[in-house]
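K.L.:
Residue numbers (our numbering), protein chains in the order written: chain E, 13 to 264; chain A, 13 to 264; chain B, 13 to 264; chain W, 13 to 264; chain Y, 13 to 264; chain P, 13 to 264; chain H, 13 to 264; chain S, 13 to 264.
To be clear, the hints were calculated from the coordinates, so they are not data collected in a lab. Please read all numbers here as calculations on a predicted model, not as lab measurements. Accuracy of the hints is not assured; some may be wrong.
To be verified - Here's a subset of chain B near chain W, in silico, CB distances under 10 Å, partners left out:
#1 L50
#2 A108
#3 V110
#4 N240
Said to hold, decoys possible - FRET-style restraints, in silico, Cβ to Cβ:
#5 P111/B / L72/W: 42 to 50 Å
#6 S209/Y / V118/S: 29 to 37 Å
#7 L178/A / P130/W: 24 to 32 Å
From the three backbone atoms N, C-alpha and C, an ideal C-beta is built for every residue, glycine too.
8 protein chains.
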Amino acid sequence: MSFDLKALLDRVAAGELGPAEAAGHIAAEMRDQPVEDLGFARIDHQRAQRQGFPEVVLGLGKSPEQIAAIAARIVARGHTLLVTRADPAAYDAVRAAVPAAQYHDVARAITCRMHEVPAGRGTIVIAAAGTSDLPVAEEAAVTAEVMGNAVDRLFDVGVAGLHRLLREHHRLRSARVIVVVAGMEGALPSVVAGLVSVPVIAVPTSVGYGASFHGLAALLGMLNSCANGVSVVNIDNGFGAGCISSLINHLD
Amino acid sequence: MSFDLKALLDRVAAGELGPAEAAGHIAAEMRDQPVEDLGFARIDHQRAQRQGFPEVVLGLGKSPEQIAAIAARIVARGHTLLVTRADPAAYDAVRAAVPAAQYHDVARAITCRMHEVPAGRGTIVIAAAGTSDLPVAEEAAVTAEVMGNAVDRLFDVGVAGLHRLLREHHRLRSARVIVVVAGMEGALPSVVAGLVSVPVIAVPTSVGYGASFHGLAALLGMLNSCANGVSVVNIDNGFGAGCISSLINHLD
Amino acid sequence: MSFDLKALLDRVAAGELGPAEAAGHIAAEMRDQPVEDLGFARIDHQRAQRQGFPEVVLGLGKSPEQIAAIAARIVARGHTLLVTRADPAAYDAVRAAVPAAQYHDVARAITCRMHEVPAGRGTIVIAAAGTSDLPVAEEAAVTAEVMGNAVDRLFDVGVAGLHRLLREHHRLRSARVIVVVAGMEGALPSVVAGLVSVPVIAVPTSVGYGASFHGLAALLGMLNSCANGVSVVNIDNGFGAGCISSLINHLD
Amino acid sequence: MSFDLKALLDRVAAGELGPAEAAGHIAAEMRDQPVEDLGFARIDHQRAQRQGFPEVVLGLGKSPEQIAAIAARIVARGHTLLVTRADPAAYDAVRAAVPAAQYHDVARAITCRMHEVPAGRGTIVIAAAGTSDLPVAEEAAVTAEVMGNAVDRLFDVGVAGLHRLLREHHRLRSARVIVVVAGMEGALPSVVAGLVSVPVIAVPTSVGYGASFHGLAALLGMLNSCANGVSVVNIDNGFGAGCISSLINHLD
Amino acid sequence: MSFDLKALLDRVAAGELGPAEAAGHIAAEMRDQPVEDLGFARIDHQRAQRQGFPEVVLGLGKSPEQIAAIAARIVARGHTLLVTRADPAAYDAVRAAVPAAQYHDVARAITCRMHEVPAGRGTIVIAAAGTSDLPVAEEAAVTAEVMGNAVDRLFDVGVAGLHRLLREHHRLRSARVIVVVAGMEGALPSVVAGLVSVPVIAVPTSVGYGASFHGLAALLGMLNSCANGVSVVNIDNGFGAGCISSLINHLD
Amino acid sequence: MSFDLKALLDRVAAGELGPAEAAGHIAAEMRDQPVEDLGFARIDHQRAQRQGFPEVVLGLGKSPEQIAAIAARIVARGHTLLVTRADPAAYDAVRAAVPAAQYHDVARAITCRMHEVPAGRGTIVIAAAGTSDLPVAEEAAVTAEVMGNAVDRLFDVGVAGLHRLLREHHRLRSARVIVVVAGMEGALPSVVAGLVSVPVIAVPTSVGYGASFHGLAALLGMLNSCANGVSVVNIDNGFGAGCISSLINHLD
Amino acid sequence: MSFDLKALLDRVAAGELGPAEAAGHIAAEMRDQPVEDLGFARIDHQRAQRQGFPEVVLGLGKSPEQIAAIAARIVARGHTLLVTRADPAAYDAVRAAVPAAQYHDVARAITCRMHEVPAGRGTIVIAAAGTSDLPVAEEAAVTAEVMGNAVDRLFDVGVAGLHRLLREHHRLRSARVIVVVAGMEGALPSVVAGLVSVPVIAVPTSVGYGASFHGLAALLGMLNSCANGVSVVNIDNGFGAGCISSLINHLD
Amino acid sequence: MSFDLKALLDRVAAGELGPAEAAGHIAAEMRDQPVEDLGFARIDHQRAQRQGFPEVVLGLGKSPEQIAAIAARIVARGHTLLVTRADPAAYDAVRAAVPAAQYHDVARAITCRMHEVPAGRGTIVIAAAGTSDLPVAEEAAVTAEVMGNAVDRLFDVGVAGLHRLLREHHRLRSARVIVVVAGMEGALPSVVAGLVSVPVIAVPTSVGYGASFHGLAALLGMLNSCANGVSVVNIDNGFGAGCISSLINHLD
């Protein structure tokens, strides 16, 4: 409870406020948090305060109209907007409501910066194993950037051609946190984590076919990494990786 | 390559060293890294330098004799020892070789501190959902402690009795990074991550029965967390969580 | 056997009925139950008597023509109609045969009330974790309503923003039975069940991506709930949850 | 918050209590709930009030000493004891601390009734498909009984010999709620639910071999039941079924 | 080897045939079996002799042109045609080549009877649990009929409405072999097999949703049947069930 | 209902029996079927009549005492005994109660023939792929033999050494029904079914390691057999296969 | 490192090159490998040298424009082109950039031979079980051919009609390495490997339905092959099999 | 058929042999192959001729007595013996029958060389990722050695410490075929295959815990390898890898 309970009680003690009224205020405060109810969604406008970034909208499973309505309310409060898994139709609907919104087509994300977010302390390297992993890697990159981080993209550095990775070794070494995106066997995070001493966030992708089982192979590979310092997010969850790496990069 | 290539070439230029000899030196340097080969294992004595902590021994699948031999070499170099998944027989073998070694029976870990490791910047909170999750939580705690971190243990705070968790809210808020250990449905990380704005490392445990499928339910639950800031390690991988949280906690 | 066997035998004893004829009657009664055979379906018109509500039609896997034919027969007997998993084409076909039929588009259900069903004793709260869970939650709500229950909808109260749920605590407390609908990690039922002492029917949804495996993660999470009082229905089975909660709510 | 906030504030207004002191009281109240912390466990002594029955101890994964310590504290408060998944060693430890405790060997449960629990309104029928399902069925029965319910056991009535079940039809009809326990193909709940109009709680068991995959076949069968009114708990979770059926049976 | 080896050798002994020539004949015979090679397929024209019915064409994964080409060759030899999993486009292509071919649209099968097949000895009952199972049940029925069997269709007799099944008891009793088709929980075969003493061929269907996992639940249920006399074929494999039941029905 | 309803009604008509009494008789008959209730088991003594063979006891999950009690009751009625999955301790208990009982140690089965069962019409060939499949194959063989069938054992004829199988081709051809038992890849049923035109009952075994996943690989292989005439029973279910093949072999 | 380190150092020794300059050369060499960075892809032009064949392009998940851009760069260097999983749209884009490119429609592959690749030593037999397996088999064949191997196609030789395979026995015997492509139960590799003494590369395909689970059944069958000499590639990975068989066939 | 058919027919033509007698000889030849039937096993003594190495005995699932009996017969024919998955009890039994037999305890294999097998052409490198993978790696090594190959062991070279592997690069380059053994994430084969241009046989091991699912993670990782030239054998199948690599190494 961030509101000033002590001050309130001071006023009761000072006779400025009746006890019943004070009890009402406390209850109201508890009930009156700035959650806006649209019927189909409850927007949490205090999230930026509580968690360092406003509520992010997952476009998946929402109609363009629902996305646009939520987006409009977020921007109306002066908060920065981030919509993930948004197709062009969703963007069209959002742009009608929020003309300044931008679309990142590879990342399938909509953003609209409304204010300066605090800058992260270092650089986040986002490494991707193959060309097909780019949409997920870009989702991570756009997320990290809109959250105030410097991002260094290092794409198509899969383990079957180690020299591609090793010659970019210095870029890995310059990172404060590394996001590694890979499908198929998902071996890249283990190799990267063996070369550095910073946290590695591994993102399995659904890239592959057959026994990749839509990303399961990469997910299991990453969870079983023999390297220290690897933690894993959901398959294709570029947003999650961008968000965690930003949290880490903003630690004092 | 950390050895001084430029100096070597200066000597060649100065005629102090023949070119064939120099080529030999370079090749030797590349081959001569401080990896000690025991036949069944190659100990990487430079890891502390490269990754901030000496090589850690996973006891699982190794004989007490193998563990003791590796432990002896690590300590002989003056490095701090950490053996995970070690049963009492392994400890007996290690103690014979390394009398100062200690056994943490809940965590099933052997440690021997040989030097001061750099201290982490903040506190790592390790929260566990139930009593049966303690061995994994303790493995995480012992790992984090031996790596130089202050640890705050917060046990038996599962989501079915929310008030147990909420009344420890201030302890969650005081953490720089939080490790959350839970079996069964694995819901605790989502709830915790919704209350804080620091990174949460989720550790599913194999606690449960039936459709927990040895931790699969908890693992999937954590990977699908609807909260931001959650990344996941392997089932029962307390060591991994301790290690990652230490890496994060040591970031400047 | 609900027909009057004793009366029949009285008539035999009274000589009003020959024994062979009586044997025929008994056999006929057993064979002659009011099941109507349409060739592709057998409609059970006695179900309302036996189970408290007429036969419900699962639209999935049936053609619009088949659905309309079954619907017409149910209404022709004066029974209330409920068709689930019905797309607009099915509704068009049904409306042609049953003009009074209504379509619930979020729930994808067709209803036609033909008589007053007995009212449930209390209120059924239907809680949903996110906006994308609404179709399943609405299917549960429409089902419960058409079966005579008061329904209180409580949507978008996922566990990552606990305060959204806690401030509606009084509504949870006012329920006689609670349906909880959630995808992704499926943690909401555990949290809700920890706050109340009435039965909780958990409905996993296929909302999510990657390692949600089309609702498997939520399903496993709910089956492994550490809270007491949670039982589970099939993934996306809003109808089932509405039906069970109605059965419970109608218990004297 | 059940403590009297209004009264407290009245006292502040009356000058009987300083505002700082009052703020301390409120915080204390929030922190001071009757949760007893044993280090390895937090016992929730208010649960009986909140949820109608004191905290139940899951023996699985706890040592006999831990179980006995928790049991002693529960009984010391005058609460009824129920320990599930308790082997004889656990019972020996508990009996030393709680001499009145009883052991139910088929159910593998320890109970100690300390007071009269409120009686359920009707009878709970517990049906089991085969002889091997008895431990789970008995766990459900002992749970329901210790929670104050009349239980009718109906064992070895699997679907391959329908007449065994049909001749007990009247007992099914007399139930207010039915627990159905079955392994292998798990078909019994569908058949039972088709015969009655009360809620059916289905418990899959790990009984079977080969493609039963430790209860998975029965679990999936029950989740896909084509009958209305079936909800499902975890594999082998007799306790859960007993608990839910008691909650339902205690509804006014 | 059905050709007359003894006769050949008689001719060698009689000097009518040189030994080299005879060796050539034997080798040729082995190579010259009536398998017709279309490049993309090898048609086995001797199958009718060897296995009682000509080669059956699985339409799945073949182009209409490939299906038509194979069909034409089979009919050209005077063999009865059966194509399964054939869509209307495949039928159009076949009809152009084989004008007498018929299409069974529910079963998605093409047939063309060219000769009288031997009649089975009894009746094959094909029971289906629900309306959505009809395509698979009809595939079984068409297959059994084209192979010379009398078929009795018994549809929509699922276990949740036992009386539907029990009143058709006499039809089950009149069968020589029974095919039972069911999706969802797949419980019907167990119930049927408990009522009769003839072989039951169980066909799981992919009917269902959520945790039916495209027929896996039904498949596992059937494999774990607690009734004697149930064997199982692949999910949706109506053809296989029709074929096996015909083999059994043709046994002397 | 096999009791004489017509005769009963004749007596009512003749005034020899009052109608109330008659109604009582009918109800009693329905309730009074010869199912013997041992508390933990209900023995179905009419099964021999209904299904051609008395009730078979699955030893798995029953105590030796339970098995012996059931066995004694079956033999006491003059029925032939078959207990499957019986270990030596179970046999000791049974032998004490039924001295004539025999133990088949490879098959892990107990039998006691009490009367002549009707002979099957032909021979059942039981083919097994490898030495490790013998326990399952012998369970099938013992089952088929005790049910009155001539059995021909054909062991260690796996597909990797085709000539082993092909040289026994004549034995396959002489069968009326064939049981094929195989672990690992489970390919033998496809090959066998391609050589004959009688039904093939495939039994996957849990023989293998790694990706055999305890028989899953063999099970899936058999379900996907490209050969006609193959149906499948549960993993390691030799009894089921013996039983079905006996049913088929007894068809007129 | 293939560049001449010794020569460089000779020049330093001879004073022809300054040490700083030499150090720069060495670093440059390490950084300057012929990897061409297109932003979305890094083309490895030295692969032909390192691995015997230029980089192969997996079309899956890449846009036609991306494929064409990569193809153009490969051909521009004089390297032979192979694109797999290419649809006609990709071919159109490639042909615009590389007019000499050819499309293999069954194999869905694009090739353009730019130079003579070294010839393999023997013949690669590519056997396929059924007509539906042809796309995968052709992908293997086109791959092997463009890599310089003689290929013998042996299609539609599934195990259910053994004679089809056995009469082509001599072709199997003439191979240096055999690729076996099969869906459904995937039994063909075991049978083939039992007939020959050369390596067999098994390719499971996703051909089948129901419990084939998109090729999982075939994959598991092949991994569990009881025959010696079988190794397995990913489901539908015709390219992989063609590539490995070429590597083997090129061994001296 | 290797017997002289032509010579036989010459004798018939010459009147030295009657045609009936000749037909008998041909049939006998087909039936009389040197397969020795022990009842529980059929030993194929011609395998050495057909497949280059005598029959190998898989100890798993066989009793020591069965293993010893088979071993004695193999050695009695003068063939080299290899028993895999043999525990010390099996060795004791074998040594009693075959005193010259040797036990390889890490590999759990029994061997007895009876004659010189043909030497492979090059060296087989067997690389293992970790110490716990040694039993599988040694099984591969012992198999390859007893089959006549030079083996180079390269152990504990996992991808998390790349320098351990890279400094042994020259040994990888010197191989004609490479076996790579790895558990956990199974990434080593991809990295190795990217460094060489010879075939790589990947062996997943069951080393690991949690989401390694007994080797499934490593298996899937290897099947999805993004590197060319990798084929895979069953989990823990060191024998299979040794055998295939020997086949390849013996190719001319």
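K.L.:
Indicate whether the distance between the beta carbons of P111/B and L72/W respects the range 42 to 50 Å.
P.N.:
Violated, at about 58 Å.
K.L.:
Honestly, do S209/Y and V118/S meet the 29 to 37 Å range at C-beta?
P.N.:
Because 56 Å falls outside the window, the suggested range is violated.
K.L.:
Double-check V110/B for me: the hint is only fine if its C-beta lies closer than 10 Å to a C-beta in chain W.
P.N.:
With Cβ-Cβ at 22 Å, over 10 Å, it is violated.
K.L.:
Does N240/B pass the interface check with chain W, least Cβ-Cβ distance below 10 Å?
P.N.:
holds, 5 Å
K.L.:
Between L178/A and P130/W, does the C-beta distance stay in 24 to 32 Å?
P.N.:
holds, 29 Å
K.L.:
Given A108/B as an interface hint, is the shortest Cβ-Cβ distance to chain W below 10 Å?
P.N.:
The hint is violated - A108/B has no Cβ within 10 Å of chain W, the shortest such distance being about 28 Å.
K.L.:
Can the hint on L50/B be confirmed by a CB-to-CB distance to chain W that is less than 10 Å?
P.N.:
violated, 18 Å
Checked against the numbered hints above, the structure breaks hints 1, 2, 3, 5, 6 and satisfies the rest.
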